[in-house]
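Asks: Taken in sequence, the protein lines are chains H and F. The opening position of the first sequence corresponds to residue 616 in the numbering used here, with each subsequent residue numbered one higher. The opening position of the second sequence corresponds to residue 392 in the numbering used here, with each subsequent residue numbered one higher.
Mixed in with the good hints there might be a few duds.
[Stated by the list, open to error] Here are the computed distance ranges between Cβ atoms for each label pair: (1) F:T621 <-> H:R683: 37 to 45 angstroms; (2) F:V685 <-> H:F733: 26 to 34 angstroms; (3) F:E686 <-> H:G986: 57 to 65 angstroms; (4) F:P557 <-> H:R687: 25 to 33 angstroms; (5) H:R683 <-> F:Q687: 35 to 43 angstroms; (6) H:Q739 <-> F:N560: 14 to 22 angstroms.
Treat the hints as calculated values from the structure; they're not laboratory data. Quick reminder that beta carbons are idealized off the backbone N, C-alpha and C, glycines included.
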Amino acid sequence: MSPRREPAAALLEALRERKVLVVGGAGGVGKTTTAAALALQSALLGRRALVCTIDPSRRLATSLGLTRLSDRPRALDLKKVAPDAAGEMWAMTLDTKTTFDALVVRYAKDAEARERIFANRFYQGFSAALYGSHEYLATEKLLELTQDERFDLVILDTPPTRHALDFLDAPDRLIRFLDSSTLRFFLRPYFAAGRITVRIATRTGALAMKLVDSMLGMQFLQDLSEFFLALESMYDGFRDRAAKVQAMLKEPSSGFVLVTGPARATLDEARFFHDRLAEKQMPFVALIVNRLHPDPAHEPDPGGPLPRLDEELAAKLAAVHRDMQTLARAEAKGLVRLEVDTGQPPLLVPELEQDIHDLRGLREAGELILGARTLPRRRLRRTAGARA
Amino acid sequence: MLDRLLSRRLLFLSGKGGVGKSVVGAALALCAQRRGRRTCLVEIEAPLPAARLLGGQPGSSPIEPFEVRPGLFTINLEPTAVMEEYVRRTLHVELFVRKILQSPIYQRFYAAAPGLPELMLLGKIMDLTTERHAFDLVIVDAPSTGHGLSFLKVPAAASTAIPIGPVGNAARRIVAQLQDAARTGLAVVAIPEEMAVVEGLEFLEQARDEVGISAEAVILNQCHEPVFDTREEAQVLDLLAAERGGRLARGVTLRGALVAARRQMRRRKLTRFYETRLRKATSLPLVRLPRLFVEQFGEAELRRLAQRLEAA
C-alpha cells in the first residue's frame, strides 16, 4: 500500500478502535450522510455503532430511509443491505428541548425546583436559544451515550452552525459562564421585589442598569433572574460534566472527522476548523472532501478509432466534457491549497450520481469514503514549492 | 412571478446552508434595481458578502447601507454593532454611550440575554423598511443556522417572555410586520438534493404554522438543464457499454466525455425528480435557476441568473 493511502487507513482504524467520533463541518456538505455511512461501516467491522444527530429536522431519518427518528437510540435492520454485518447500527436524533427537560428532571434538587424551572416564562420561550444550548446539550448527551453499554462507538454529527467551531467551544463557554460574574450578578436577588434593590456604586453602572430596565422591563429581568436561581442547584452538575466532556474529547480513544465540500467558502471553514482542533490538541482522524467533480480527462481511454458520431451529439459531448473539467480543475486548485496549508491529505469523495436515501446508498457512500484517493503528490510538491 | 415577489417591501430568503442563498439574493436585488426599485440587500455576518458580486466594494460599515451601484445598496450586519447603535440612539449623549458599552453590567447583560442579538437585527431590518431610508424593497439573506427558521421565530418567543417595556413592544411590532402579507414575504431556496428539498419544505411548514409569514415562491437553484434528447441519451449509454474510445478533440477523449455525459444525465434526472416533488408538495410558484459551470462565480454569472429570474 502506498503512503498516500494512509488517511483512509487511519479512518478505518478509527472505525475499528475508537469510542467516540465527532463529525464536524459547515452546513450542506453531506456531514450527516457521512456520519451515518461511517456508522454503518463500523457495524460491518463488527462493532456496535450509534450515530447521533442534533438536528430538529428529519435529515438523518431521511438518509436512513426512515420517516422519523426519536431521541431514543433505535437499532436498524441491516439484514437486507448488510447480511454480513457482524455488528449493529443504531441511530437517534437529539431534540434539544426534550434533553433539557430531562436534565432538569434528573438534576433539579426537588420537585418544587423542577416545577419552578418549567413554569418560568423565560425557560419556556428561550431554553433552546440559551448560550448555544444546542451545542452544549450535544456534548452533555455525548457523555451519557459513551457510558451506555449498548454501544462500542458513538458517532456524533454536530449541529450545522455557521461557525462550525461553536460546538467545540460550547463546554468551555458554559464553564466560563457558570464561573463568571455575569451569573453571580443575575443570581443575586436584585430584582426580587420588582425593583432594583441593589445599590450600584458608579453612575455609569446605574445608568446601564436603567437602560437595561427601560429596554426590557422589570418583569423580564425578574424572570431571567428567577430562571438562573432556579437552575442554581444544577450548576455543579453542569460544570462537572462539561469538564468531563472536554477531557473525554481529548483522549486518544476519541477523534474528529472533518467534512467539507469543494466550494471555496466551505474549504476556508474546514481549514479554520482544522487549525482550531490542532490548537486545542484534539485528536484528528480524517479530512473528507465530499461532492467532488471528477476530471473527465482522468478517465482512461479504451483506445480504438473514434466511432462515427452525429455532429450535434459530438458537440454536446465536448461541451459537457468542458463543463465538468472546468469545475474539476477549479476544485482541485482549492484542494491543493487545503492540503498544503493543513498538512492533512484530504480523502477525495466524488459526487454521487444518485442521491442517498436508504441504507444501501449509505453502504456505497461508506465504501467510497474508505476507498477514496488523495491528491497526487507531484502536484502538491509543485504547489508547496511555488509557495515557498 | 417576479413582479409579485419584488412587490413586497420586505423579502426574506431562507434555505439550508450551501444552497446558494446569497447568490440568489444578489440576483434578485439586481432584478429589482433594474425595475427601478430602490433596493437594499441585507446580509448577516456573511464571510463573503454579496456586494463583491454586484461589482462594488463592500461598504465598511456594519450598520449603514452602502450604494454599490445606483439604487442598489448592500449591508452586512454585525449583531454587536447593531446592538451598540441601539444603545446610542436610546441615550443620545456620546460620553455616556461609550461608558455604558464598556460597563460590566451592560456586558454581562448582553452575554446573558439569549435571542437579544436576533431581535436587535430584526429591529434594524424593520427600520430599513421605514420611510427614513426610502427603500422600495429590502431583501434579507437570513442566516441558515440549521435550526430551521429559528431566526424568524425569536420575536414571537420574545413577545411572550418580555411582557412589557420597549423591547417587548418592539418584538410585538416585529411579529405584526412579519405577519403582514401585504408587506412581507418569504422565498425558500433549495437545490435538487434530498436534504435541501426536505428542509426547504419544512421551512415552508414552519413559516405558515409558527412564524405566520407569507411564503411566496420556491427557488430551485443549481438545476441541471436538459442537454441530450432521449435518442442521444440512449446512444451515450450504448457507447459507454461498448467501451468505445478515441479522441473527440485535443485533450478530449470520447470516454471522458461519455462519463461526463452520464453524470449530467443522472443529475438532470434528479433535478426533474425533485422539481416534481416540490410541485406536488406545494402550490407556490417554482423558479428554476441553472447550475453554472465556471471556475469562479462572478458578476457575469450573476447577470445570467438575473436574466433567468426575469424570464421566469
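Asks: So which of the earlier hints does this model not fit?
Replies: 2, 3, 4
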